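In the order they appear, the protein sequences are chains A and B.
Residues 1 to 563 (the numbering used here) make up the first sequence, in order.
Residues 1 to 356 (the numbering used here) make up the second sequence, in order.
Hint data in this document are derived by calculation from the structure and do not stem from the laboratory.
Where hints are given, some of them may not hold.
[Unchecked claim] Below, simulated DSS-like cross-link-like pairs (lysine-lysine); rule was C-alpha separation at most 30 Å, straight line:
| id | chain 1 | residue 1 | chain 2 | residue 2 |
| --- | --- | --- | --- | --- |
| 1 | B | Lys122 | A | Lys471 |
| 2 | B | Lys173 | A | Lys471 |
| 3 | A | Lys387 | A | Lys471 |
| 4 | B | Lys2 | B | Lys80 |
| 5 | A | Lys465 | A | Lys387 |
| 6 | B | Lys320 | B | Lys291 |
| 7 | B | Lys301 | B | Lys320 |
| 8 | B | Lys301 | B | Lys291 |
| 9 | B | Lys275 | B | Lys242 |
| 10 | B | Lys173 | B | Lys184 |
| 11 | B | Lys275 | B | Lys173 |
| 12 | A | Lys471 | B | Lys80 |
| 13 | A | Lys465 | B | Lys184 |
| 14 | B | Lys173 | B | Lys291 |
| 15 | B | Lys301 | B | Lys242 |
| 16 | A | Lys465 | B | Lys80 |
| 17 | A | Lys465 | B | Lys173 |
| 18 | B | Lys114 | B | Lys80 |
| 19 | A | Lys465 | B | Lys275 |
| 20 | B | Lys2 | A | Lys465 |
| 21 | B | Lys173 | B | Lys2 |
| 22 | B | Lys184 | B | Lys2 |
| 23 | B | Lys122 | B | Lys107 |
| 24 | B | Lys114 | A | Lys471 |
| 25 | B | Lys320 | B | Lys242 |
| 26 | B | Lys173 | B | Lys107 |
| 27 | B | Lys80 | B | Lys107 |
Keep in mind that this is a model prediction, so the values were computed, not measured.
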Amino acid sequence: MILFAKARREIRLLARDPLLALLVLLLFLSLGVFVAYPLISVLLKSFHSSEGLFSLEHYARFFSFRYLRSALWNSLMVGFFTAACSVVIGYAAAFTITRASVPLKKILHLIFLLPIISPPFTSALSILMLFGSNGLITRGLLGIRNYNIYGFRGVLLSQIFTFAPVAYLTLKGVLESLNPTLEDAAMNVGAGRLQTFLRVTLPLSLPGIASAFLVVLIESLADFGNPLVLAGSRFPMLSTQAYLEITGSFNLPLGAALAVVLLIPSITAFTIQRYYLQKRQYVTVTGKPVASSSKLLGRGARRALFAFSLTFSGFVLLFYGTIFLGAFTKVWGFDFSLTLRHFAYAFSVGRGTILDTLTVAFLATPLSGIMGMLIAFLVVRTTFPGKGLMEFTSILNFAVPGTVIGIGYILAFNRPPLLLIGTLAILVLNFVFRYIPVGIQSGIAVLRQIDPSIEEAAQNLGADKLTTFRKVTLPLIAPAFFSGLIFAFVRAMTAISAAIFLVSAHWNLLTVQILNQVGSGRLGVAAAFSVILVAIVLAAMALIARLVPGRTGGMGPIQIQEE
Amino acid sequence: MKITIRSITKDFGSFDDPDSLFRAVDSVSLEVAEGELVTLLGPSGCGKTTLLRMLAGFEDPTSGDILFGERRMNDVPPNKRNVAMVFQSYAIFPHLNVRDNISFGLKLQRLSQKEIRERTEKAMELVELEGLGDRQPSQLSGGQQQRVALARAIIMEPSVLFFDEPLSNLDAKLREQMRIDIRKLQQRLGITSIYVTHDQIEAMSISDRVVVMNRGEIEQIGTPRELYARPANRFVASFIGKAAFLDATRDISGSWTLLGQAWEPGPETPSQPGKYSVMIRPEAVRLTPRKGSGEEAFTAKILRATYLGSLMEYEVLLPKTEAITVHIPNPFEEEPLPPGSEAELHFLSRGLHFLP
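So that you can see chain A by itself, here it is in the shape it has in the complex:
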């Protein structure tokens, strides 16, 4: 009874604000159609027998075939090792940037971030070019013929370079928010450097480390590009296998079943990360981050960390240099004379694709940004029935691998009234709903920091609700909004896993094009496309950075929150 009374009261509040009620209804409807419905479609399809009845036959098949079973095992193994290595690298790099007084910090930071703004299989491509059978290092330098980089080694290596930056960014935030006076206090009562690190810094950053581990694990499980390029047929992995079942063997139900199997560890990791770890982060907020004391590091440790960071950034640069060089090289591995013909080819076959990609990204980015801010605003500043459900649904796609979403979309939108297969709309909608979680997360974080009495003060001075939002709330959340935009744009430009199911002859994407070129062995063209893609992303970031209002008061920097 009382529960109903609460819902009734909330509905009454909503009824007083019809605009709000309409907005809530629209958001629920669109989240239901574009987030929940595709997932439910995958689930239903996986239980769909050939006679159209409920059956477990596809799961039975999954468990009886060793090849399919090993896909799960392989994905998990790669995931755990990638996460572990990424966290170690990310922690060391973050520690160097936040705690050590070493030169080149700014440049190192930017180099660490490079992989985040690149297509997720850039490192796979350069690994092929460096360590493949015609690789510059394996064949050119070491003279090894037919070196086999495919399989566990290759995927692990390329995923580490793809996802260590994600761990780095998460852990940098964690280490920055740890008050360095705690370390000073430990040393003040007689703890040595190592003791201080082991008994204060490390335990305090442990929840952050676990969180970074799980985030990388989720990303690794969902990764599609690197496995597709480097796994090879003898090392099946879940995300690519689901794709191959559908596009190669046209076995949709089995693909759906594989997607569900992939979904389980992802959702588990996400749930632990979000509902268990996030509450255990020790964030010691004391206004602005204080310049960290460097006393924690002795000379040896400082040098070791610096050398480590230099090495890692050296590898990142090597990978990008390889791609860049490859784009201008006649035949990689045999003829290193310079040429522009890959670019000429890329522009001749790919002009339409470049335009398509830009269209999709420019449509999806603002939509996703605005929707993210709206949901964040509703969640933080209003009450309505089902608020928790809305927040959960809207951030669910954070954890769902792109492959699953892609399969969901082709299952859900292949018949009227929602016949969207092959259209521009399905690509845009897919990106909008996949990347709103980021906008929502950063929006919620910023709004929670804004004292509600600031908005009340505006109303008190005569501003109505709309004026208050326009003149006070909006300027305050603008920085977060724009960094959310940058992120959504980067993701829309570089995503592959869901998009590969949704492209068509009419609407193609650059990332898919790059994969096709890799598949047909034209590494030079693939490299040229990658260079074009990264150039567009950098140009767009510079553009958005210019549009961001410069006046941010004393609010401190607002970070781009990464997946």
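Here the structure of chain A is known, so what remains is to put chain B in place on it, guided by the hints.
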């Protein structure tokens, strides 16, 4: 403008637990006269801030009426009430400089540039912020932020001014200064004001009248002097100043007994026979070294003596009761009574107050 509050009630339902419906304000009635400064005083959670937020329009009353002058305000949105508020957190707009913060409300009224500029300068002068107009909020000290919040409120020339614990984030010295400044400004502008605080000294020093609240209800309304000298009950007595309570009995013949001893309390005593609780303020007690058999005097044992400069604070133990606090004005050269010794204790009859 006169403010009338008629049996206002506010219920909150906890979002997570619908069972815990919670009554924050319980049928409170109050009238505030034109130009008066009334303080809502009480411990945290007593409903004082909720009451103020209902007056400002940020919370809707569950029942009851709010009138500004003769006009019922219940359904008037906060931006149409012509009230100004100074928030506990100051609520300075972090993206605007001092001048833009102060002129925020005027700009919404679409006044001429010239008028906005003049009134902004005048308001900044009133709160002594001249020359700081271009500063960002982050470059201001706590006291300066407080002044910006104050200027932003008074520039609106509101009919009513609200203060929600405006000084609780300042250090003690600054708090004292701002208290005086706010009172001066309020009297000069003659704006009807309601001030919320949990600090009894602040309430006493700034108010025409004080409303003592507890658990959503009003315990007593009165001038600071009335509340201190004639508190309505134990809660008010111990919330405003220190007080000890001793049981006393008056028999039918009119003789009094206190602590099992005959007692002559003085002229102003209740005429009804019965049991009473006598409120004793620390400064309404005199202590003298024990001479021998002083009739009329009580014997007290000194537990602790603390020198506080302007006064000497004793903790003394009376027979059959708990320890009470005694304040003796600056003793100058006189030696304090040593702990452990016994002393004669007299109550000043004018400092006593009888509660049923």
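Right, here's what the structure says about each hint:
| no. | hint | result |
| --- | --- | --- |
| 1 | B:Lys122 / A:Lys471 | 24 Å, holds |
| 2 | B:Lys173 / A:Lys471 | 35 Å, violated |
| 3 | A:Lys387 / A:Lys471 | 26 Å, holds |
| 4 | B:Lys2 / B:Lys80 | 17 Å, holds |
| 5 | A:Lys465 / A:Lys387 | 21 Å, holds |
| 6 | B:Lys320 / B:Lys291 | 22 Å, holds |
| 7 | B:Lys301 / B:Lys320 | 12 Å, holds |
| 8 | B:Lys301 / B:Lys291 | 14 Å, holds |
| 9 | B:Lys275 / B:Lys242 | 22 Å, holds |
| 10 | B:Lys173 / B:Lys184 | 17 Å, holds |
| 11 | B:Lys275 / B:Lys173 | 44 Å, violated |
| 12 | A:Lys471 / B:Lys80 | 17 Å, holds |
| 13 | A:Lys465 / B:Lys184 | 34 Å, violated |
| 14 | B:Lys173 / B:Lys291 | 44 Å, violated |
| 15 | B:Lys301 / B:Lys242 | 20 Å, holds |
| 16 | A:Lys465 / B:Lys80 | 12 Å, holds |
| 17 | A:Lys465 / B:Lys173 | 38 Å, violated |
| 18 | B:Lys114 / B:Lys80 | 24 Å, holds |
| 19 | A:Lys465 / B:Lys275 | 58 Å, violated |
| 20 | B:Lys2 / A:Lys465 | 28 Å, holds |
| 21 | B:Lys173 / B:Lys2 | 33 Å, violated |
| 22 | B:Lys184 / B:Lys2 | 20 Å, holds |
| 23 | B:Lys122 / B:Lys107 | 15 Å, holds |
| 24 | B:Lys114 / A:Lys471 | 22 Å, holds |
| 25 | B:Lys320 / B:Lys242 | 20 Å, holds |
| 26 | B:Lys173 / B:Lys107 | 35 Å, violated |
| 27 | B:Lys80 / B:Lys107 | 15 Å, holds |
This entry does not satisfy hints 2, 11, 13, 14, 17, 19, 21 and 26, going by the numbered hints stated previously.
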